[in-house]
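K.L.:
Make a model of the complete structure from these sequences and hints.
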Amino acid sequence: MFTKNTSKVGDAVIVFICVIFIVICLAPILNIFSRSVSSSSALVSGRVSLWPIGFNLDSLKMVWEDPKYTTSLGWTAILTIICTIFSLFITVVCAYPFVYNNLKGRKFLNGALIFTMYFNAGTIPNYLLMKSLGLLENPLVLIIPSCLSVYNMILMRSFFYGISDSLRESAEIDGAGPIKVLTSIYLPLSKPVLATIALFYAVGRWNGYGDALIYIIREKQWFPIQLLLYNIIQNSTQSIEISRLEGFSLPGVSESIKAATVIFATVPILLIYPWLQKYFVKGVTLGAIKE
Amino acid sequence: MTRSKSQKTLNYFKRYWTLYLLLLVPVIYLIVFKYSPMANILVAFKNYYINRSVFDMPWADHNGFGFFVKAFQNPDFINAIRNTFLLNILDLVCGFPVPIILALILNELRMMKFKRVTQTILYMPHFLSWVIIASLSMQVFSTTGLVNDIIRAFGGEPVDFLKDPGLWAGTYIFLGIWQSMGWNTIIYLAAITGINPELYEAAAVDGAKRFRMMWHITLPGIRPTVVILLILSLGRILGSDFERIYAQRNPLVTSVSDVISVFVYNYGIRGTASQIPLGAAVGLFQSVVCVIFLVIVNAIAKRFGERGIL
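Chains A and B are the protein sequences, given in the same order. For the first sequence, the numbering used here puts the final residue at 291, and the numbers step up evenly by one. For the second sequence, the numbering used here puts the final residue at 310, and the numbers step up evenly by one.
A partial selection of chain A residues facing chain B, derived with a Cβ cut-off under 7 Å: (1) G10; (2) T123; (3) V262.
Treat the hints as calculated values from the structure; they're not laboratory data. Glycine included, C-beta positions come from ideal geometry on N, C-alpha and C.
P.N.:
Pasting the structure below:
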């Protein structure tokens, strides 16, 4: 950007404000990380803030060796992978036909898709639908109902629109059908946006718990990690009060275990998203363009 | 004439039938999971029977509007409307300007590496689930948490943020801003890059300083984006993100935390079967009001010469 008339003091102020925002963003994460690796006595006495006290990996190890957490983490990982692949597939096959301007029914389908962005049947009607389809207490309920995001479809489509029609037309002259054009021209050119959308779907599934909370009650083995975590947090707020009243040393342990579980549920995403930053920034910008 | 036309259509489908084959899966999905449940909206006007289809259930009292009447007689529902409005307005007033200001600040950063790292860190909270954020909240705002450490360091008395409804609402709003402020700068930063650089050059020649440029060039330059995002937020003024509030609420603050979506969940999903229509009625009320709001706000924005979204 062109800025000549700026002072050194002004620059310093800008950097200082940014540092404050960075601290605000990082402090809670740092805090919970320190809790997961601090000694329980330090936790109970409330001495742990930003830095670990009495550093040890016991809680992280305990969570890592507890089958309750590892099976849930494993299941959520599998679920996330399945959802991402399936959602990516359905998003591509929904977006791609729109590239053909003369596709009959194109406008109608577009309207039908956009409408669902602004008007949803609602929690109860959806619940009744899942019930009648036999999807309650069924792991498929975590995959199918949320498999297509219209927002992501529009994003994908905007990217496809940006690919020159002449590429497609020359391939068609060579006798390539629509599917061949998709797999040999459009998909190879769309890797950045595919990565972005995959990230959005993966994050959505990994972080989601509302659908599981509503549709799965008894079959606890299908609980995604976030729902398990939710239950732990809700229960522990009560049990901590009780154990504190009764003078147990337990709260320290459960505190650090809770923190350790949070770390395990967070780290996978925090390791992935920075590598895709360039792409999702472009993706969000693209998603703002509507037809 | 008709023959050549049908011939043309035939050729068209011969050539493009694979496109319709591709669309088969999404269209079936759309019909089954997005449009067919709309028939179930009818349950809001019926008395619920477990083993009957929605169409066979008897109509509710008051010509089917019995559960809407019941909802408005229910103090929990009135409370839920009030809370939804209050929390959303607070969200909007406190949260809407933050990413704009943040984008203006980020735009002034000239050390590109530092800018990139700052952005990466600012985007991070967006990738955390609401459950994680709720557990962060419990750690940070508890009596032994980080915020109270700071209060104590300054000689103040510790405050239990999560047990007082008013203070809890403050933490809720703060964490909402915390989660989304960085992410929402993306769209504003993109809008800023679209501003004609000659405007800045001309202003610099005229001797304009940084702040004047922000105020007179950058802000007007991103106005259309601001308006569109404002329309969308205002359209959601009676909406509520269930996962967000449900993770953060606790039994002591239900007087402010129980919004419409929580009401629907508590009555419709966790309540008895006979309350299902009540939940559905409230949900329908919310959806309809949201759409009406969106249309009105959009119309007002268009009146003032903005582009709008619909």
